[in-house]
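Based on the hints, put chain B in the right spot on chain A.
From first to last, the protein sequence lines stand for chains A and B.
Quick note: the first sequence uses our numbering, first residue 28, plus one each step.
Quick note: the second sequence uses our numbering, first residue 28, plus one each step.
Note that these hints are calculated values from the structure, not bench results.
A couple of the hints might just be wrong.
Stated by the list, open to error - Label-pair restraints from in silico Cβ distances:
hint: 1; chain 1: A; residue 1: E63; chain 2: B; residue 2: E195; range: 50 to 60 Å
hint: 2; chain 1: B; residue 1: E364; chain 2: A; residue 2: K187; range: 51 to 61 Å
hint: 3; chain 1: B; residue 1: E317; chain 2: A; residue 2: N390; range: 44 to 54 Å
hint: 4; chain 1: B; residue 1: S83; chain 2: A; residue 2: K80; range: 21 to 31 Å
hint: 5; chain 1: B; residue 1: G351; chain 2: A; residue 2: G47; range: 22 to 32 Å
hint: 6; chain 1: B; residue 1: S83; chain 2: A; residue 2: I371; range: 58 to 68 Å
hint: 7; chain 1: B; residue 1: N302; chain 2: A; residue 2: N352; range: 34 to 44 Å
hint: 8; chain 1: B; residue 1: D258; chain 2: A; residue 2: I56; range: 56 to 66 Å
hint: 9; chain 1: B; residue 1: E306; chain 2: A; residue 2: I56; range: 25 to 35 Å
hint: 10; chain 1: B; residue 1: N360; chain 2: A; residue 2: E63; range: 22 to 32 Å
hint: 11; chain 1: A; residue 1: G196; chain 2: B; residue 2: N151; range: 57 to 67 Å
hint: 12; chain 1: B; residue 1: D227; chain 2: A; residue 2: S228; range: 21 to 31 Å
All C-beta atoms, glycine included, are put in the ideal place defined by N, C-alpha and C.
Protein chains: 2
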Amino acid sequence: MEDKKTYASPESYAMNGGKGPYSYAQNSIYQREAAEAAKEKINKAIADHFDIKTLSASLNSVCVADLGCSTGPNTFISVQNIIEAIKLQYISKGVHTEIPEFMVFFNDHVSNDFNTLFKSFPPNKQYIAAGVPGSFHGRLFPKESLHFIHSSFALQWLSKAPMEVMDEGSPAWNKGRIFYTNAQKEVVEAYATQFAKDIDSFLFARAQELVVGGLLALFIPAIPDVMSNSDTFIGTELDLLGSCLMDMAKVGLGSEAKVDAFNLPAYVTTPKELNALIERNQHFSFERMEILNNKSKYLTLCNPSMRSLFLRSAFEGVLEKHFGNDIMDELFNRYTEKVAESSIFLNAEADKSIVLFVLLKRNNY
Amino acid sequence: MEDKKTYASPESYAMNGGKGPYSYAQNSIYQREAAEAAKEKINKAIADHFDIKTLSASLNSVCVADLGCSTGPNTFISVQNIIEAIKLQYISKGVHTEIPEFMVFFNDHVSNDFNTLFKSFPPNKQYIAAGVPGSFHGRLFPKESLHFIHSSFALQWLSKAPMEVMDEGSPAWNKGRIFYTNAQKEVVEAYATQFAKDIDSFLFARAQELVVGGLLALFIPAIPDVMSNSDTFIGTELDLLGSCLMDMAKVGLGSEAKVDAFNLPAYVTTPKELNALIERNQHFSFERMEILNNKSKYLTLCNPSMRSLFLRSAFEGVLEKHFGNDIMDELFNRYTEKVAESSIFLNAEADKSIVLFVLLKRNNY
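Extracted from the complex, chain A is given alone in its bound form (with noise of 0.2 Å):
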């Protein structure tokens, strides 16, 4: 009779940690700036979406997550601005005289520095925190235990590479790449079959932790329907990042055969594909699919060094599991100079990447 479920911690890389140079929290501008445009989208999403009437009897006090919280401090941003409009709710609709108490939990892999991000919270936060490490690929909290559910700019990591990507005997071997960008269809496949699953599963296991009528709000980067990965500026670029890692392995600097043994857990979306993907799980109402409006979003990225930085903090993690952190230096160095010569960046009308909102509640099913 004993339940013998168990919630295993898998191995994980996360955002850099820190305050430094190359840390997540210095680098992610980008991303706050997503976080800014993004609370329109949340404010009008809680005003026609969150009812406090039913979710007010189901827990004491409001619980709100942040999944793929990082270090900070874009989500203290977030989390601001979601508890913000849940108030507004409470004070416009009266229905408690007394606004309830709220707690927040901040979710990232095992491997982020969650101390940074404790050490970091705002000084008069209005709710109570917590820290939840885990992949968010699988369940994190107790069963109809939260009521708005939070994720921006972490749904575009899978929860490992496609395998097929890593075999040589497949036909989707990604011999020479460390991304999918302008490789052939089969390796294009495999990573959407490994998104689709992903995306399953996620959206399971947060069926299962939202109350009854509670919200999951997603930012995911994506690009549109009709285009493909080498369209965008991020595409292009860790493609960039596989071609110097294979420079390096030809003068002596690791090996071919580990570029082969490596790609990114990473995949880009569209409209169409997300849209089916969440249109065949049942136990949300897809209330909401947009386009998140971030127009100046590269242009505070557009210099060779500020680009290396940003892909840095973000993968540098991941890169090292696999290829050891002594030859990061020169692999970013060497990613610098070869944006510098390109011509990539030069048009930043050439990016066409977007970002999708989306917006589900938890039915009744």
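Coordinates of chain B only, in the frame set by chain A:
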């Protein structure tokens, strides 16, 4: 109307982080033995007082908190035991066909090394885990959100040293010492007053956080009623540590004024004193106060180097905040020598310290 309640993070110190030679993780074997001895107390407390019929109704999952968890591994032993004992209640009393999910909140100061804690989670833990940074002298959790609160070897820490003992104009000025062992009675009284305030605020906060019927289980270092702090090794040791700081001041390493301006924020209570403090709180029914049977307590720590490491892992954080990191090696080297020259640990029977087990149940008051 807006609720301006804030949950500020006070400045804090914590046990030494990481897993190095001075870490708490490597130097808490004494506390570990106590955690082992505590199992029997916890098992009986849960068997006799954890009423699953009442408690199952209140939340979807069983929520447990460990306050002052440090970095492990002792907290994992305690938590595992609590969960097994509660599961046993579900199995033997068969209220539910299914055992509920467990959520465990690990609490310690913001400066605690949560990264090490999270990376040390047992690989197949059967609970959902969260870290909650903050001082247990204030509120940490939402109202009525917990079923079981545990705290072991933590309540001897005061929220701060009493102000009077650092005040040259006060009769309680504790000149030339960093602790109240062998000090005049005004110093001891000032410490006792601070302890009483801290216990009051601790119990008030926990009463709000526990559901009705929820349990509060505390293990607190103490001395028998008729004895004084100088009858314990720890009391004598902290006095000796203070004398090392004075020795160093005399040879120009620091200053006497700096020693006078510092007192350790810790206190060792007696059964009678603690009993009176708990009795005056009306939110709990006082189920039990017992002495923990951990006779072997000091046998594992009876050489000067181990005593020094034990002290350093616990007190270095608060000491280096006042005296600076650069004199810590010198301080603990001198301390080790002084202990080696003294006879205080030759007779283990000379240590009269005890550990009190206290069990309280949240009432309906």
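Right, here's what the structure says about each hint:
1. E63(A) / E195(B): 50 to 60 Å: Since E63(A) and E195(B) have Cβ atoms about 52 Å apart, the given range 50 to 60 Å holds.
2. E364(B) / K187(A): 51 to 61 Å: holds (54 Å)
3. E317(B) / N390(A): 44 to 54 Å: holds (51 Å)
4. S83(B) / K80(A): 21 to 31 Å: holds (26 Å)
5. G351(B) / G47(A): 22 to 32 Å: holds (23 Å)
6. S83(B) / I371(A): 58 to 68 Å: holds (59 Å)
7. N302(B) / N352(A): 34 to 44 Å: violated (56 Å)
8. D258(B) / I56(A): 56 to 66 Å: The hint (56 to 66 Å, Cβ to Cβ) holds, given that D258(B) and I56(A) are roughly 60 Å apart.
9. E306(B) / I56(A): 25 to 35 Å: Once the Cβ atoms are compared, 57 Å apart, the range 25 to 35 Å for I56(A) and E306(B) is violated.
10. N360(B) / E63(A): 22 to 32 Å: violated (53 Å)
11. G196(A) / N151(B): 57 to 67 Å: Given range 57 to 67 Å: violated, Cβ gap about 34 Å.
12. D227(B) / S228(A): 21 to 31 Å: violated (47 Å)
The structure fails hints 7, 9, 10, 11, 12 (numbered hints given earlier, in ascending order).
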